[in-house]
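**Student:** All chains, full assembly: derive it from the sequences and hints.
In terms of the working numbering, the sequence shown opens at residue 77 and continues consecutively.
Certain hints may be false.
[Unchecked claim] Restricting the straight-line Cα-Cα distance to at most 25 Å, the calculated cross-link-like pairs of lysine-lysine (DSS-like) are:
| id | residue 1 | residue 2 |
| --- | --- | --- |
| 1 | Lys-205 | Lys-262 |
| 2 | Lys-98 | Lys-232 |
| 3 | Lys-305 | Lys-315 |
| 4 | Lys-98 | Lys-314 |
| 5 | Lys-91 | Lys-251 |
| 6 | Lys-251 | Lys-293 |
| 7 | Lys-91 | Lys-141 |
| 8 | Lys-262 | Lys-232 |
| 9 | Lys-98 | Lys-84 |
| 10 | Lys-293 | Lys-314 |
| 11 | Lys-91 | Lys-248 |
| 12 | Lys-91 | Lys-232 |
| 13 | Lys-141 | Lys-109 |
| 14 | Lys-98 | Lys-293 |
| 15 | Lys-248 | Lys-205 |
| 16 | Lys-98 | Lys-141 |
| 17 | Lys-232 | Lys-205 |
| 18 | Lys-98 | Lys-78 |
| 19 | Lys-244 | Lys-262 |
| 20 | Lys-141 | Lys-110 |
| 21 | Lys-310 | Lys-98 |
| 22 | Lys-248 | Lys-109 |
| 23 | Lys-110 | Lys-84 |
| 24 | Lys-314 | Lys-91 |
| 25 | Lys-293 | Lys-232 |
| 26 | Lys-293 | Lys-244 |
| 27 | Lys-110 | Lys-248 |
| 28 | Lys-232 | Lys-251 |
| 29 | Lys-98 | Lys-110 |
| 30 | Lys-248 | Lys-232 |
| 31 | Lys-293 | Lys-205 |
[Said to hold, decoys possible] Taking CB as the label site, the calculated pair distances span:
| id | residue 1 | residue 2 | range |
| --- | --- | --- | --- |
| 32 | Gln-252 | Thr-276 | 20 to 30 Å |
| 33 | Gln-87 | Gln-134 | 40 to 50 Å |
| 34 | Asp-284 | Lys-98 | 15 to 25 Å |
Worth flagging that the hints you see were computed from the coordinates, not collected in a lab.
Glycine included, C-beta positions come from ideal geometry on N, C-alpha and C.
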Amino acid sequence: MKWQNSLKDYQLYLKIERGLSKNSIDNYILDVKKLIDYLDANHINISPVSISSEIVQQFIYEVAKTVNSRSQSRIISGLRSFFNYLIFEDYRADNPLELIESPKIGRKLPDTLAEEEIDQIISAVDLSKPEGERNRAMLETLYGCGLRVSELINLKLSDLFFEEGFIKVTGKGDKQRFVPIVDATKNYINIYRYQIRIHTNIQSGHEDTLFLNRRGKQLTRAMVFTIIKQLVEKIGLKKKISPHTFRHSFATHLLQNNADLRSIQLMLGHESITTTEIYVHLDRQHLKGVVEKFHPRK
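**Tutor:** Quick look at the structure:
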């Protein structure tokens, strides 16, 4: 069995059997391609069916020289998944990464913004320009609904259920969830939708896309990053901010106001509650206040 053939089959498996998004599939395939590149560079002619744990271990050693622990762990996980697929399809009897441990990595706490900082960033949007209303609506939606940037740019008019107070969000692996939307966010979207968007020359295939660029097409992830970067520089905020920062802030502020983790998990679209638990990083004073308020021995 050749590497390219196994990669093609694995790609179909990830898409059809596991229902992963294109981004996730690309990342899994890239992990395997790194191993293939290493084999080619070192003139090691061996198939995915017969490659040994020793050769894979040598590859991991080389990887460790150039990437951090988090990236190294990601590659090991991706390769382990690939070889598990080969076992599943009866191409192999064992996984060459079975005895290879991932490096221990500390759990990185997400960067967050204070409510005042979010207000400052959104207030810096220039509403005298047509794209200003769009940008304000986008940022309010990112923060107000805790969306990923990919979920934001893929949001459709048909996903807006304002009378019911929800929007339908398509997340990782094309999994859909309904997220509550507050009146303020609905209002900003409606201003953009009915005062700005209706005057846009919408391109074919983008009629249902909510947030459009000046050419009437769906915005790119890079464009959203650029918009936020320019606003942060405009107000002189010395923090590394990305669209994901608004999502982190959404979860953190809910938690600080005593929302339960299970509700936050559902709104963020996390499969596991352990992913959501990363937001439990409140300061000691807040935790002290929670104990004083709710503990029966207070």
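**Student:** Now, for every hint given, state plainly whether the structure supports it.
**Tutor:** Results of checking the hints against the structure:
Between Lys-205 and Lys-262 the CA atoms are separated by roughly 20 Å; this keeps the pair inside 25 Å, and the hint holds. Straight-line distance between C-alpha atoms of Lys-98 and Lys-232 comes to about 19 Å, which keeps the hinted pair within the 25 Å bound. Distance hint between Lys-305 and Lys-315 is fulfilled; the C-alpha atoms sit about 10 Å from each other, no more than 25 Å. Only pairs whose Cα atoms come within 25 Å are accepted, and Lys-98 paired with Lys-314 is rejected, the gap being roughly 33 Å.
Distance hint between Lys-91 and Lys-251 is fulfilled; the C-alpha atoms sit about 13 Å from each other, no more than 25 Å. Distance restraint check for Lys-251 and Lys-293: the Cα-Cα separation of roughly 24 Å lies within the 25 Å cut-off, and the hinted pair is therefore satisfied. Restraint check: the Cα-Cα separation between Lys-91 and Lys-141 comes to about 32 Å, which exceeds 25 Å; the hinted pair is violated. Under the criterion of a C-alpha separation no larger than 25 Å, the hint pairing Lys-262 with Lys-232 is consistent with the structure, at around 14 Å.
Between Lys-98 and Lys-84, the direct Cα distance comes to roughly 14 Å. Compliance with the 25 Å bound is thereby established for this hinted pair. For the hint pairing Lys-293 with Lys-314, the CA-to-CA distance comes to about 32 Å; that exceeds 25 Å, so the pair is violated. Among the hinted pairs, Lys-91 with Lys-248 is consistent with the structure: their alpha-carbon atoms are about 12 Å apart, no more than 25 Å. For a cut-off of 25 Å, the pair hint linking Lys-91 to Lys-232 stands: about 23 Å separates their Cα positions.
Proposed proximity of Lys-141 and Lys-109 is supported: the alpha carbons are some 18 Å apart, at most 25 Å. Only pairs whose Cα atoms come within 25 Å are accepted, and Lys-98 paired with Lys-293 is accepted, the gap being roughly 20 Å. For the given pair, Lys-248 sits about 33 Å from Lys-205 by alpha-carbon distance, which is inconsistent with the 25 Å threshold. Proximity of Lys-98 to Lys-141 is assessed by CA-CA distance (about 29 Å); at most 25 Å being required, the pair is judged violated.
This hinted pair checks out: Lys-232 and Lys-205 have alpha carbons roughly 23 Å apart, not beyond 25 Å. Between Lys-98 and Lys-78, the direct Cα distance comes to roughly 23 Å. Compliance with the 25 Å bound is thereby established for this hinted pair. At most 25 Å may separate the alpha-carbon atoms for a hinted pair to count; Lys-244 and Lys-262 meet this at roughly 13 Å. Distance check on the hinted pair: Lys-141 and Lys-110 sit about 14 Å apart at the alpha-carbon level, within 25 Å; holds.
For the proposed pair Lys-310 and Lys-98, the alpha carbon gap of about 34 Å is over 25 Å, so the pair is violated. Between the alpha carbons of Lys-248 and Lys-109 the distance comes to roughly 23 Å, so the proposed pair stays at or under 25 Å and holds. The suggested pairing of Lys-110 with Lys-84 holds, with an alpha-carbon distance near 15 Å, which does not exceed 25 Å. With a C-alpha separation of about 40 Å, the suggested pairing of Lys-314 with Lys-91 is violated against the 25 Å cut-off.
Distance check on the hinted pair: Lys-293 and Lys-232 sit about 12 Å apart at the alpha-carbon level, within 25 Å; holds. Among the hinted pairs, Lys-293 with Lys-244 is consistent with the structure: their alpha-carbon atoms are about 20 Å apart, no more than 25 Å. Proposed proximity of Lys-110 and Lys-248 is supported: the alpha carbons are some 24 Å apart, at most 25 Å. Using a Cα cut-off of 25 Å, the hinted pair Lys-232 and Lys-251 holds, with the two alpha carbons roughly 15 Å apart.
A C-alpha spacing of about 18 Å is found between Lys-98 and Lys-110, which places the hinted pair at or below 25 Å, so the restraint holds. Straight-line distance between C-alpha atoms of Lys-248 and Lys-232 comes to about 16 Å, which keeps the hinted pair within the 25 Å bound. A C-alpha spacing of about 18 Å is found between Lys-293 and Lys-205, which places the hinted pair at or below 25 Å, so the restraint holds. A hinted range of 20 to 30 Å for the beta carbons of Gln-252 and Thr-276 is consistent with their spacing of about 26 Å.
For the pair Gln-87 and Gln-134, the beta carbons lie near 26 Å from each other, so the given range of 40 to 50 Å is not met. A C-beta distance of roughly 19 Å is found between Asp-284 and Lys-98, which places it inside the suggested range of 15 to 25 Å.
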